[in-house]
Amino acid sequence: MFPKGTKRKFSDAGEEAVGGGGGDQGPSAASSSSSSAAAAAARTLTSSYSLQRQSLLDMSLIKLQLCHMLVEPNLCRSVLIANTVRQIQEEMTQDGTWQIMTQALAAAQCPADRLVATEVLCRQTDPAAQAGQSPKPFSVSGVEEGYHSEEVVMDGDVETEVTMSSLSPASPHASSASYLAGPFGMRPCWEEEDDDDEEEEGDCEEDEEEDSEECASEGEEAEQDHLRADSRTGEQVFGTFEIKHPAPPPDPALDELFSDVDPSYYDLDTVLTGMQSAPKMGPYDLLESLSSHGPTALSSSSSCRSDLNELDHIMEIIVGS
Amino acid sequence: GSTLAALRKSGSRFQRSRRYPDIISTVEFNYSGDLLATGDKGGRVVIFQHEQESKNRPHLRGEYNVYSTFQSHEPEFDYLKSLEIEEKINKIRWLPQQNAAHFLLSTNDKTIKLWKISERDKRAEGYNLKDEDGRIRDPYRITSLRVPVLMPMDLMVEASPRRIFANAHTYHINSISVNSDHETYLSADDLRINLWHLEITDRSFNIVDIKPANMEELTEVITAAECHPHQCNVFVYSSSKGTIRLCDMRAAALCDRHSKFFEEPEDPSSRSFFSEIISSISDVKFSHSGRYMMTRDYLSVKVWDLNMENRPVETYQVHEYLRSKLCSLYENDCIFDKFECCWNGSDSAIMTGSYNNFFRMFDRNTRRDITLEASRESSKPRATLKPRKVSTGGKRKKDEISVDSLDFNKKILHTAWHPKDNVIAVAATNNLYIFQDKIN
Numbered sequence: 002m003f004p005k006g007t008k009r010k011f012s013d014a015g016e017e018a019v020g021g022g023g024g025d026q027g028p029s030a031a032s033s034s035s036s037s038a039a040a041a042a043a044r045t046l047t048s049s050y051s052l053q054r055q056s057l058l059d060m061s062l063i064k065l066q067l068c069h070m071l072v073e074p075n076l077c078r079s080v081l082i083a084n085t086v087r088q089i090q091e092e093m094t095q096d097g098t099w100q101i102m103t104q105a106l107a108a109a110q111c112p113a114d115r116l117v118a119t120e121v122l123c124r125q126t127d128p129a130a131q132a133g134q135s136p137k138p139f140s141v142s143g144v145e146e147g148y149h150s151e152e153v154v155m156d157g158d159v160e161t162e163v164t165m166s167s168l169s170p171a172s173p174h175a176s177s178a179s180y181l182a183g184p185f186g187m188r189p190c191w192e193e194e195d196d197d198d199e200e201e202e203g204d205c206e207e208d209e210e211e212d213s214e215e216c217a218s219e220g221e222e223a224e225q226d227h228l229r230a231d232s233r234t235g236e237q238v239f240g241t242f243e244i245k246h247p248a249p250p251p252d253p254a255l256d257e258l259f260s261d262v263d264p265s266y267y268d269l270d271t272v273l274t275g276m277q278s279a280p281k282m283g284p285y286d287l288l289e290s291l292s293s294h295g296p297t298a299l300s301s302s303s304s305c306r307s308d309l310n311e312l313d314h315i316m317e318i319i320v321g322s
Numbered sequence: 002g003s004t005l006a007a008l009r010k011s012g013s014r015f016q017r018s019r020r021y022p023d024i025i026s027t028v029e030f031n032y033s034g035d036l037l038a039t040g041d042k043g044g045r046v047v048i049f050q051h052e053q054e055s056k057n058r059p060h061l062r063g064e065y066n067v068y069s070t071f072q073s074h075e076p077e078f079d080y081l082k083s084l085e086i087e088e089k090i091n092k093i094r095w096l097p098q099q100n101a102a103h104f105l106l107s108t109n110d111k112t113i114k115l116w117k118i119s120e121r122d123k124r125a126e127g128y129n130l131k132d133e134d135g136r137i138r139d140p141y142r143i144t145s146l147r148v149p150v151l152m153p154m155d156l157m158v159e160a161s162p163r164r165i166f167a168n169a170h171t172y173h174i175n176s177i178s179v180n181s182d183h184e185t186y187l188s189a190d191d192l193r194i195n196l197w198h199l200e201i202t203d204r205s206f207n208i209v210d211i212k213p214a215n216m217e218e219l220t221e222v223i224t225a226a227e228c229h230p231h232q233c234n235v236f237v238y239s240s241s242k243g244t245i246r247l248c249d250m251r252a253a254a255l256c257d258r259h260s261k262f263f264e265e266p267e268d269p270s271s272r273s274f275f276s277e278i279i280s281s282i283s284d285v286k287f288s289h290s291g292r293y294m295m296t297r298d299y300l301s302v303k304v305w306d307l308n309m310e311n312r313p314v315e316t317y318q319v320h321e322y323l324r325s326k327l328c329s330l331y332e333n334d335c336i337f338d339k340f341e342c343c344w345n346g347s348d349s350a351i352m353t354g355s356y357n358n359f360f361r362m363f364d365r366n367t368r369r370d371i372t373l374e375a376s377r378e379s380s381k382p383r384a385t386l387k388p389r390k391v392s393t394g395g396k397r398k399k400d401e402i403s404v405d406s407l408d409f410n411k412k413i414l415h416t417a418w419h420p421k422d423n424v425i426a427v428a429a430t431n432n433l434y435i436f437q438d439k440i441n
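Protein sequences, first through last, are from chains A and B.
In this text, residue positions in the first sequence follow our numbering: the first is 2, and each later residue adds one.
In this text, residue positions in the second sequence follow our numbering: the first is 2, and each later residue adds one.
Just so you know, the hints here were simulated from the structure itself, not pulled from any lab data.
You may find that some hints are simply not true.
Ranges of calculated distance between the beta carbons of each label pair, as one might list FRET restraints [to be verified]: (1) B:R312 - A:D313: 42 to 52 Å; (2) A:D313 - B:N207: 37 to 47 Å; (3) A:M316 - B:N308: 37 to 47 Å; (4) A:M316 - B:V314: 50 to 60 Å; (5) B:S392 - A:D313: 31 to 41 Å; (6) A:M316 - B:R258: 47 to 57 Å; (7) A:M316 - B:M157: 30 to 40 Å; (8) A:A107 - B:S392: 44 to 54 Å; (9) B:G63 - A:D313: 35 to 45 Å; (10) A:A107 - B:I211: 34 to 44 Å; (11) A:M316 - B:N168: 26 to 36 Å; (12) A:M316 - B:S392: 34 to 44 Å.
All C-beta atoms, glycine included, are put in the ideal place defined by N, C-alpha and C.
I would like the entire structure built from these sequences, with the hints used as guidance.
As structure tokens, then:
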């Protein structure tokens with residue numbers, strides 16, 4: 002039931018923080034915005050909570066991106082996941098984490114901070130659509146080769162493109178690291194900027210190269226070390242997640258999430274969309290990239306599992322056995 | 002006897018015996034309880050019939066045996082979207098019986114079909130124009146006329162599609178419900194509800210539409226809908242935000258504005274990122290009396306009085322021990338499982354499924370509850386089902402099972418209760434279990 006290799010203690014404690022006991026730590030709905038950004042941050046963020054929150058955000062984005070081989074995804078599930086993402090985003094905006102993250106990326110200096118290549122997990126079948134897309138890297142970053150970085154497309158100050166780190170189908174271990182390590186590919190630079198405000202926010206586990214900017218707060222050294230080890234692997238595969246902030250003007254990207262018409266991948270915005278048509282990743286690739294965990298999570302998505310059965314069935318028919 | 006008297010397995014465990022046994026996706030008794038229909042992921046419908054009690058063993062109720070099997074839906078391909086349309090049967094609903102034949106509605110994600118199931122136990126013999134093999138006889142060889150005679154034959158049950166209601170749903174159909182007028186029925190998808198006349202297939206009335214003009218604003222979907230059992234103008238639909246709306250079709254043609262709005266205020270102390278997801282209602286069912294309705298969300302079952310909108314009158318915890326595991330359940334997608342729930346015939350008890358092939362029954366009068374398991378290992382034919390318990394504390398007693406040992410692949414999503422008797426049908430993945438009450 003638990004991800005392989007996860008320290009249960011960590012996970013459960015985190016779960017209580019994020020999953021159940023949000024009372025003390027959760028955002029106060031009535032928190033006022035401006036004056037208490039720092040106060041909010043100090044109030045809400047323990048390292049564990051923000052790690053788990055980030056992990057939840059990452060997980061949610063992955064879920065939104067993954068789509069089925071053949072069948073239209075479940076709209077209810079997509080809506081619930083998207084709502085979860087929005088909630089996290091709102092909370093992160095309220096306690097200032099969001100702005101910090103985006104500012105940090107703007108000021109990214111080190112390669113470690115660059116956003117990793119995005120691998121769209123669902124590929125277009127339509128060659129015309131593919132041709133028409135803006136260049137989208139399909140390269141998969143393996144653990145060994147490190148990760149590619151990609152330009153962050155910035156619209157104005159706050160809004161940045163969604164980029165999503167790539168899952169490497171060929172290295173399930175690496176992808177499982179994504180669930181283990183929590184916030185991967187951290188951002189030493191923004192941590193440094195923010196040190197004065199956010200002592201607490203020690204959710205930075207980093208490359209040793211970034212020592213000069215290390216920011217792990219005292220009490221969390223041990224945990225940081227553990228996470229650092231894991232996150233290095235994760236970091237090589239994953240980068241930071243940024244969500245295109247759904248600005249008040251309607252966001253056509255999210256529109257695509259639920260539109261009737263088959264959306265094409267125009268740009269990175271569509272990472273948030275869950276509804277893609279006939280992605281062509283092989284079923285076993287997808288399964289490998291998903292599955293890492295306990296016996297019950299053969300596939301994170303039950304529909305992937307069912308699709309697998311379907312594909313087995315179809316293969317049987319084709320093979321004629 | 003008490004509703005929760007020990008159930009004895011009637012010896013009926015039906016396993017789909019094909020090479021790829023399909024997962025059962027819906028279970029439904031008909032109005033008399035004589036027939037039990039199941040639909041599966043492969044688009045097939047299997048109907049079981051209650052056999053008469055045997056004279057030799059009058060203390061046992063009769064068993065359920067296969068009555069009819071047919072392929073209801075086939076996989077289709079939507080060329081416009083390059084997506085396959087699954088043949089999985091999402092729901093089956095019986096029509097009240099009006100003549101010798103039986104009628105049911107079965108639906109997949111996009112298309113609803115009305116099936117007629119009829120028996121044939123006689124055949125005509127002695128035709129003039131064709132011989133017994135069916136070959137046309139040479140008319141010049143016919144020298145005399147005879148009257149065909151009806152001869153008995155082995156019982157044959159035929160299923161034929163009588164109506165096909167298609168192309169009315171852009172999104173996936175999650176519910177169908179036959180109206181008490183027996184002439185109309187509703188079908189609900191994620192964003193819309195349509196009203197059909199059983200005789201008319203080329204059009205339907207849209208009565209609820211919650212699709213926002215700008216899809217980016219979509220935050221809530223329809224999860225289930227049902228017609229009131231007696232008031233043919235009333236229906237309810239539930240949402241992914243844990244709300245139920247009751248609508249009156251007399252009030253307006255488009256029922257976007259509800260007559261009643263049911264929502265329990267959230268407990269702020271238990272708020273988390275998963276609060277909304279676990280509040281999403283997966284099933285809504287009116288009581289037989291029509292006075293109450295029951296909703297199933299991820300962790301609980303709630304009974305609502307239709308006259309009280311601000312909170313349920315009863316809440317039953319199905320598997321509260323999962324509350325601390327929500328993060329893992331979100332990760333493996335189990336948190337999105339849609340459990341159904343059902344009433345017994347007298348509305349005194351309710352039943353719903355859980356994980357590890359457990360299912361739960363609650364007696365509304367005594368407030369007692371019981372956990373039972375549907376599995377080969379735990380029940381031999383004619384044996385009494387043993388209550389199960391999940392240990393939540395640190396110490397696990399003998400015979401208890403710990404939360405971490407639960408198998409989340411074994412989920413009981415679909416259960417049905419006989420409309421009159423204490424007979425229940427429980428679908429455990431690709432196995433169907435039928436349990437009956439001890440009579441003596």
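Hint-by-hint comparison with the structure:
Hint check: B:R312 to A:D313, Cβ distance near 47 Å, so the stated range 42 to 52 Å holds. Judged by the Cβ atoms, the range 37 to 47 Å given for A:D313 and B:N207 holds: they are separated by roughly 39 Å. Look at A:M316 against B:N308: about 56 Å separates their beta carbons, and that is not inside 37 to 47 Å. The supplied range of 50 to 60 Å is met by A:M316 and B:V314, whose beta-carbon atoms lie about 52 Å from each other.
A C-beta distance of roughly 37 Å is found between B:S392 and A:D313, which places it inside the suggested range of 31 to 41 Å. The supplied range of 47 to 57 Å is met by A:M316 and B:R258, whose beta-carbon atoms lie about 50 Å from each other. A beta carbon spacing of about 35 Å between A:M316 and B:M157 agrees with the range 30 to 40 Å that was offered as a hint. Checked against the given bound of 44 to 54 Å, the beta carbons of A:A107 and B:S392, roughly 52 Å apart, stay inside it.
About 38 Å separates the C-beta atoms of B:G63 and A:D313, a value consistent with the hinted range of 35 to 45 Å. Take A:A107 and B:I211: their Cβ atoms lie about 39 Å apart, and the range 34 to 44 Å holds. A:M316 and B:N168 have their C-beta atoms about 31 Å apart, which keeps the hinted 26 to 36 Å range intact. One distance hint, 34 to 44 Å for the beta-carbon pair A:M316 and B:S392, holds here, with the actual separation near 42 Å.
Violated hint for the displayed structure: number 3, the only one.
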